[in-house]
Every structure is written in structure tokens, then in C-alpha cells.
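Q: If you want the building blocks of each chain, they are given just below.
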Amino acid sequence: MINKEVLPIAEIQNWMQAMLIQHVPISHLDVTTADMVNDSKRLSAAQHLTIYRQSYIARLRACMQSQFKCLAHALGELLFQDFADEYLDSNPSASYTLNNLGEKFPLFLEMNRPDAESEEKEEWPDFMIELAAFEYALSEIFDMQGTDDINIPDSNTPDHLLITSPTLHLFEYKFPICSYYLDFNANLSPNLPFPQKSHCAVSRQNYKLGLFNLGIDQYYFLNCIKEGASIQEAKDKLIEFYNFERSNFEKIWPIWRRNFIVSGFLVCKNDA
Amino acid sequence: MSEILKPASTYSDIVKTISNPGLGLGLRSMHFDYILEHNPPVDWFEIISENFMDSGGRPRHILRKLADRYPVVMHGVSLSIGSTDPINWEYLAKLKALAAEIKPLWVSDHLCWTGINMLNTHDLLPVVLNEESLKHIIGRIKQVQDYLERPLVIENPSTYLTFKQSSIAEWDFLRYMAEETGCGLLLDVNNVYVSAFNNDFDPVHYIKQLPHDRIVQMHIAGHQHCGDYIIDTHDRNVVDDVWKLFSLAWELTGGVATLLEWDGNIPDFNTYHAELLKAKQFMNGMEHASTTPIQIKKENFTVSNPVSFLVNDIKF
Ligand SMILES: [Fe+2]
Numbered sequence: 001m002i003n004k005e006v007l008p009i010a011e012i013q014n015w016m017q018a019m020l021i022q023h024v025p026i027s028h029l030d031v032t033t034a035d036m037v038n039d040s041k042r043l044s045a046a047q048h049l050t051i052y053r054q055s056y057i058a059r060l061r062a063c064m065q066s067q068f069k070c071l072a073h074a075l076g077e078l079l080f081q082d083f084a085d086e087y088l089d090s091n092p093s094a095s096y097t098l099n100n101l102g103e104k105f106p107l108f109l110e111m112n113r114p115d116a117e118s119e120e121k122e123e124w125p126d127f128m129i130e131l132a133a134f135e136y137a138l139s140e141i142f143d144m145q146g147t148d149d150i151n152i153p154d155s156n157t158p159d160h161l162l163i164t165s166p167t168l169h170l171f172e173y174k175f176p177i178c179s180y181y182l183d184f185n186a187n188l189s190p191n192l193p194f195p196q197k198s199h200c201a202v203s204r205q206n207y208k209l210g211l212f213n214l215g216i217d218q219y220y221f222l223n224c225i226k227e228g229a230s231i232q233e234a235k236d237k238l239i240e241f242y243n244f245e246r247s248n249f250e251k252i253w254p255i256w257r258r259n260f261i262v263s264g265f266l267v268c269k270n271d272a
Numbered sequence: 001m002s003e004i005l006k007p008a009s010t011y012s013d014i015v016k017t018i019s020n021p022g023l024g025l026g027l028r029s030m031h032f033d034y035i036l037e038h039n040p041p042v043d044w045f046e047i048i049s050e051n052f053m054d055s056g057g058r059p060r061h062i063l064r065k066l067a068d069r070y071p072v073v074m075h076g077v078s079l080s081i082g083s084t085d086p087i088n089w090e091y092l093a094k095l096k097a098l099a100a101e102i103k104p105l106w107v108s109d110h111l112c113w114t115g116i117n118m119l120n121t122h123d124l125l126p127v128v129l130n131e132e133s134l135k136h137i138i139g140r141i142k143q144v145q146d147y148l149e150r151p152l153v154i155e156n157p158s159t160y161l162t163f164k165q166s167s168i169a170e171w172d173f174l175r176y177m178a179e180e181t182g183c184g185l186l187l188d189v190n191n192v193y194v195s196a197f198n199n200d201f202d203p204v205h206y207i208k209q210l211p212h213d214r215i216v217q218m219h220i221a222g223h224q225h226c227g228d229y230i231i232d233t234h235d236r237n238v239v240d241d242v243w244k245l246f247s248l249a250w251e252l253t254g255g256v257a258t259l260l261e262w263d264g265n266i267p268d269f270n271t272y273h274a275e276l277l278k279a280k281q282f283m284n285g286m287e288h289a290s291t292t293p294i295q296i297k298k299e300n301f302t303v304s305n306p307v308s309f310l311v312n313d314i315k316f
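So the protein lines, in turn, are chains A and B. Under UniProt numbering, the letters of the first sequence match residues 1 to 272, in that order. Under UniProt numbering, the letters of the second sequence match residues 1 to 316, in that order.
Honestly, the hints are just simulated from the structure, not real lab data. Here a beta-carbon is modelled for each residue, glycine too, at the ideal position from N, C-alpha and C. Check the hints yourself; a few may be wrong.
Below, a sample of chain A positions facing chain B; criterion: calculated Cβ distance under 10 Å [as the list claims (entries may be wrong)]:
| no. | residue |
| --- | --- |
| 1 | Met-16 |
| 2 | Leu-49 |
| 3 | Leu-98 |
| 4 | Gly-146 |
| 5 | Asn-185 |
| 6 | Gly-210 |
Taking lysine-lysine pairs in the DSS-like style, the calculated list, with each CA pair at most 30 Å apart, reads [stated by the list, open to error]:
| no. | chain 1 | residue 1 | chain 2 | residue 2 |
| --- | --- | --- | --- | --- |
| 7 | B | Lys-96 | B | Lys-135 |
| 8 | B | Lys-94 | A | Lys-69 |
| 9 | A | Lys-269 | B | Lys-65 |
| 10 | A | Lys-226 | B | Lys-315 |
| 11 | A | Lys-208 | A | Lys-269 |
| 12 | A | Lys-69 | A | Lys-197 |
| 13 | B | Lys-103 | B | Lys-6 |
| 14 | B | Lys-96 | A | Lys-104 |
| 15 | B | Lys-103 | A | Lys-208 |
| 16 | B | Lys-94 | B | Lys-16 |
| 17 | B | Lys-315 | A | Lys-174 |
| 18 | B | Lys-6 | B | Lys-135 |
| 19 | B | Lys-315 | A | Lys-269 |
| 20 | A | Lys-69 | A | Lys-174 |
| 21 | A | Lys-104 | B | Lys-315 |
| 22 | A | Lys-197 | A | Lys-237 |
| 23 | B | Lys-96 | B | Lys-65 |
| 24 | B | Lys-315 | A | Lys-208 |
| 25 | B | Lys-244 | B | Lys-278 |
| 26 | B | Lys-94 | A | Lys-208 |
| 27 | B | Lys-315 | A | Lys-197 |
| 28 | B | Lys-65 | B | Lys-103 |
| 29 | A | Lys-104 | A | Lys-121 |
| 30 | B | Lys-315 | B | Lys-65 |
| 31 | A | Lys-69 | B | Lys-315 |
| 32 | B | Lys-65 | A | Lys-208 |
| 33 | B | Lys-65 | B | Lys-94 |
| 34 | A | Lys-104 | B | Lys-94 |
| 35 | B | Lys-164 | A | Lys-41 |
| 36 | B | Lys-103 | B | Lys-315 |
| 37 | B | Lys-208 | B | Lys-164 |
| 38 | B | Lys-96 | A | Lys-208 |
| 39 | B | Lys-103 | B | Lys-278 |
| 40 | B | Lys-103 | B | Lys-280 |
Let the sequences and hints guide you as you build the complete structure.
A: If you want it as C-alpha cells, here you go:
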């Protein structure tokens with residue numbers, strides 16, 4: 001028999017946390033809520049505890065909702081909430097910040113896709129998983145370390161001093177994720193798209209995000225630079241890979257260059 | 001811990017020298033542009049430390065600019081001073097680094113625990129109020145203060161239950177804690193009102209019993225009445241009964257830094273500021289204040305301490 005009046009505070013905290021974070025609360029102690037919590041004039045002990053239980057899940061649900069606004073739209077509120085609740089149940093937060101609450105959500109969706117057991121795969125879960133990963137990436141890029149307001153090239157900066165910005169991120173998807181996200185953000189209530197290979201870039205300038213659809217050749221070119229190639233090397237690779245006519249490419253290069261600088265993809269080398 | 005902890009007087013001496021910076025507002029991302037552009041005449045801003053300590057992007061960038069223009073107070077929600085888990089030194093290192101950068105007037109958090117077994121419920125959970133927990137919390141406050149090299153300022157949270165194992169009144173607990181550690185207190189007048197309603201105690205008695213010379217700051221806020229209980233929502237105007245308690249606390253403390261919390265349904269900056277400035281009417285008792293009768297409208301369940309402001313609001 002435990003003496004409920006002299007329970008150590010660690011035991012009490014263990015009990016309370018278990019009552020809050022589990023969908024179906026399980027107490028490891030042989031106690032009832034009435035053994036631990038006082039009734040008040042208006043509420044029973046259980047009702048008092050319920051306020052914390054409801055707050056816990058409602059708060060974290062709201063947090064997931066604001067971290068994955070676009071995904072919530074795509075899945076529909078109810079289905080999103082079901083996934084979010086299951087995710088929170090199996091991945092309770094272990095961080096002092098809520099900013100990374102959804103970090104493992106894309107992986108969770110992948111592991112728990114409704115067609116996991118069946119041979120025939122449906123397409124929509126692929127879209128949802130890509131969208132979740134993209135949306136989480138946006139929140140990371142938004143708040144990552146970066147110097148947004150220095151090393152901006154101008155029209156006189158020679159090509160060999162250009163590199164990709166540390167905040168530039170490139171994405172390749174099976175679905176038109178960036179277009180869907182942009183439509184959602186413009187309040188256009190987009191419908192679920194059909195699969196269509198897509199490439200996009202996310203950059204950050206003056207601490208604000210920019211989202212851009214890219215052509216596959218632009219994606220290839222920027223990726224080369226991101227992996228360490230110089231502009232000249234990236235040009236050579238691109239021309240070879242796509243069998244471009246060099247003179248034709250050199251004609252469009254000034255336009256690419258200008259757009260890549262204006263969009264924050266290219267910055268000056270630090271020592272420039 | 002084998003090291004020798006500094007005596008309470010190291011910190012209580014500092015707490016006694018803290019002067020009143022005036023009326024402050026919580027810094028919220030939706031107001032960033034307005035504040036930068038208009039430099040509104042607010043005496044000081046309170047930031048949620050966790051929103052900025054890991055930030056390498058816009059939140060930290062804006063904070064650096066604002067800290068040059070306004071006094072700032074750092075208010076945390078994840079210190080978990082009452083938890084029986086080990087102290088999270090990684091968290092404290094980040095807190096200390098942020099404080100070194102923005103030089104806040106003081107650093108505060110709550111008398112609560114947020115989780116154990118390395119988990120975080122992201123709620124301000126109530127501590128058991130007994131001898132064991134008092135000793136535990138005093139020891140932790142001392143360690144944290146020595147590490148941060150500054151006094152902590154601890155706030156009374158809103159509570160929605162009391163434990164059978166509690167044996168000390170919350171006001172006494174706060175007084176002993178402040179005496180033994182030298183920490184300051186943040187009196188959240190709305191939280192006293194909410195906790196008093198939920199747990200059947202007299203909020204006036206609570207405020208009268210506190211060690212008033214240790215109170216360096218007050219919070220005021222709006223809440224949601226759900227009929228049988230009240231939820232601390234910070235999403236609306238302050239009710240008259242809370243203004244009355246504020247008036248009493250102002251008189252007893254001789255006037256301290258006062259901040260209006262608003263975290264849900266956040267209005268435009270000027271509406272928020274105007275609600276704060278009402279505090280001036282209540283600084284000389286209630287007789288000059290224009291009050292409107294309370295209407296208790298029973299509302300459905302809602303979330304306490306809303307967190308919408310704890311997740312970055314991405315700017316495109
Ligand atoms: Fe507060």
C-alpha cells in the first residue's frame with residue numbers, strides 16, 4: 001500500500017504527466033484522480049484534471065495546425081487532426097521550443113500511410129508526405145542562421161565571385177508542391193493536383209522567404225553550384241548534360257544571372 | 001551539487017534596486033512592422049524568450065533592432081523550475097546567450113513544471129505546494145541564478161487544480177521561496193483571479209499576503225469565463241474585477257512595472273496599447289476609474305496560454 005499523503009513530488013509529476021499526454025491515460029500508481037486532486041465548490045477532482053487534459057491536446061493540435069496550414073487544407077481539418085493526434089500520441093514533444101514540434105511529422109506520415117500494407121499504392125499519400133516535408137522545410141529556412149543583408153552582388157560583380165546563398169534550398173518533387181503551396185497562400189483553395197514532376201527554390205532575402213518554381217535545367221544548374229561548382233563549371237556541366245548549344249545558352253545566361261541575383265539565389269563570396 | 005551556492009542576499013540586493021520602467025506590452029510578431037515603422041511610445045517590451053533564443057532569422061533580427069530602441073524583459077515558459085527532471089543546461093546556455101545579447105531588465109519564468117522524463121507538455125503545470133517541493137525549487141532557483149548570474153523573477157501561474165499533497169498556501173510558498181533565494185516575483189493579477197475562482201480562495205487575501213517588496217513586475221490580461229471555471233486565455237480585454245485587484249496590488253507594491261499580456265485574437269497595435277494605458281486609471285484606487293459591470297458569458301472550452309504566438313509566423 002502506498003501512502004498517498006506523502007507521495008514524493010516525482011511520483012506526483014509522473015502520475016500527472018501520464019494522465020495528460022496519453023490519449024487513454026494510464027496511471028502507473030494505484031491511485032484515482034480523487035486521491036491526488038482536491039474537489040472544489042464547482043468541480044470534481046476529475047473535472048479539474050480534465051481542464052489540463054483538454055488543454056494539452058488542444059494546444060499542441062493548434063500548434064501543428066499553424067505549422068502545417070497548407071497540409072491541413074489539403075488533408076481536410078478532420079483527417080489532419082486525426083493524423084496530428086496520432087503523431088502527438090507517439091511523438092510527445094521533448095523540446096523546450098514548439099518550433100520543431102512537427103519535425104518528425106513527414107516521416108510519421110510516411111510510416112503510417114493508409115496504404116502501407118497493400119501492394120497497390122495510392123497517389124495522394126505521396127503528395128501529402130511531400131507537402132508536409134516542404135512546409136516544415138519552409139519554417140526551418142525562415143528561422144535558420146543567415147546573413148540576409150550582406151554580400152548582395154550587382155551587375156558588375158564578376159561571375160567567378162558568385163555562389164549560392166546559404167539560405168537557398170532546392171527541391172525536386174513528384175507533385176507540383178510549390179505551385180500548390182503558392183495557390184494556397186494566395187487563398188485560392190487549390191484542389192489536389194495530379195502527379196507532375198516539379199522543381200522549386202526557396203530563398204530568404206531581408207529575412208523574408210521567396211518561393212520560386214524552376215525549370216529542370218535551372219534546378220540542375222543551381223544544384224551544381226550549391227554542390228561547389230563555380231559558375232563556369234556549372235555552365236559546362238549543364239551544356240553537356242542537356243546538349244545545349246553554347247552560344248544559345250550564353251544568350252540566356254545574362255537573364256538567368258539577373259533573375260537569380262534578384263531572387264536571392266546567388267550572393268557574393270564572403271571574401272569578395 | 002558540491003559547489004557553494006551564493007547567498008540569497010546576492011540576488012535580493014539586486015532585486016531591491018530594480019526601478020519601475022512603466023507600462024509595457026508583449027512583443028508579438030504581427031506588430032513587428034508597425035513598431036519598427038512608428039516607434040510607438042511604449043515604455044518597454046516583454047519577449048517570450050523561447051521565440052528568440054534559437055532564431056537565426058527574422059524574429060532575432062527584429063529583436064536586435066527593437067532592443068536598441070526599447071528596454072526589454074525576457075519572459076520564459078520552458079524553464080520548468082518545479083520539475084523533478086535534471087536542470088536543462090543546454091536551454092539555460094541559450095537563455096544566457098540571449099540575455100547577454102539583448103541585455104534585458106530582468107529574466108522571468110513561472111512557478112510551474114512543464115514536463116518530466118525529458119518530455120515537454122508545453123503547459124505551465126501546477127507544482128505541489130509542500131515542504132519537499134519548496135526545498136527542491138529553492139535549490140534549483142539558486143543553481144539557475146548562479147549560472148545566469150542574475151536574479152530570476154518568478155510568476156504565479158494560472159492553476160486549474162490543487163493537489164491533495166499540498167500543505168502550504170501558494171502566497172506563503174512564494175514568500176518562503178523569495179526569502180530563501182533572493183529571487184524577485186512577478187505578480188500576475190489575472191492569474192490570481194483565475195486560480196482563486198478555480199480553486200476557491202480569496203484573491204484579495206492572496207495579494208495581501210505576498211511579500212510586496214519582492215514584486216518587480218505585474219501582469220494583467222483577459223480571460224475566458226466558462227461558467228464553472230475560468231481559463232486564462234489572454235485573448236480579450238481585462239475584466240473589472242482584475243483591474244480592482246491590480247489597483248490593490250499597485251497600492252501595496254507602491255507601483256511596479258506592469259505588462260498587459262495578449263496572445264490570442266491579438267488586436268492591432270493601437271487597440272492593444274490603449275487597453276494597457278487603462279492601467280493609469282487604476283493607479284490611485286478605484287474611485288477615478290470608469291468601470292462597466294461584469295457580464296459573465298458562459299463559453300465553451302478553450303485553450304489556456306495560447307501558443308499561436310509560439311510558432312513562427314512565416315513572412316513571404
Ligand atoms: Fe502572466
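Q: Quick check: which numbered hints come out false for this structure?
A: none
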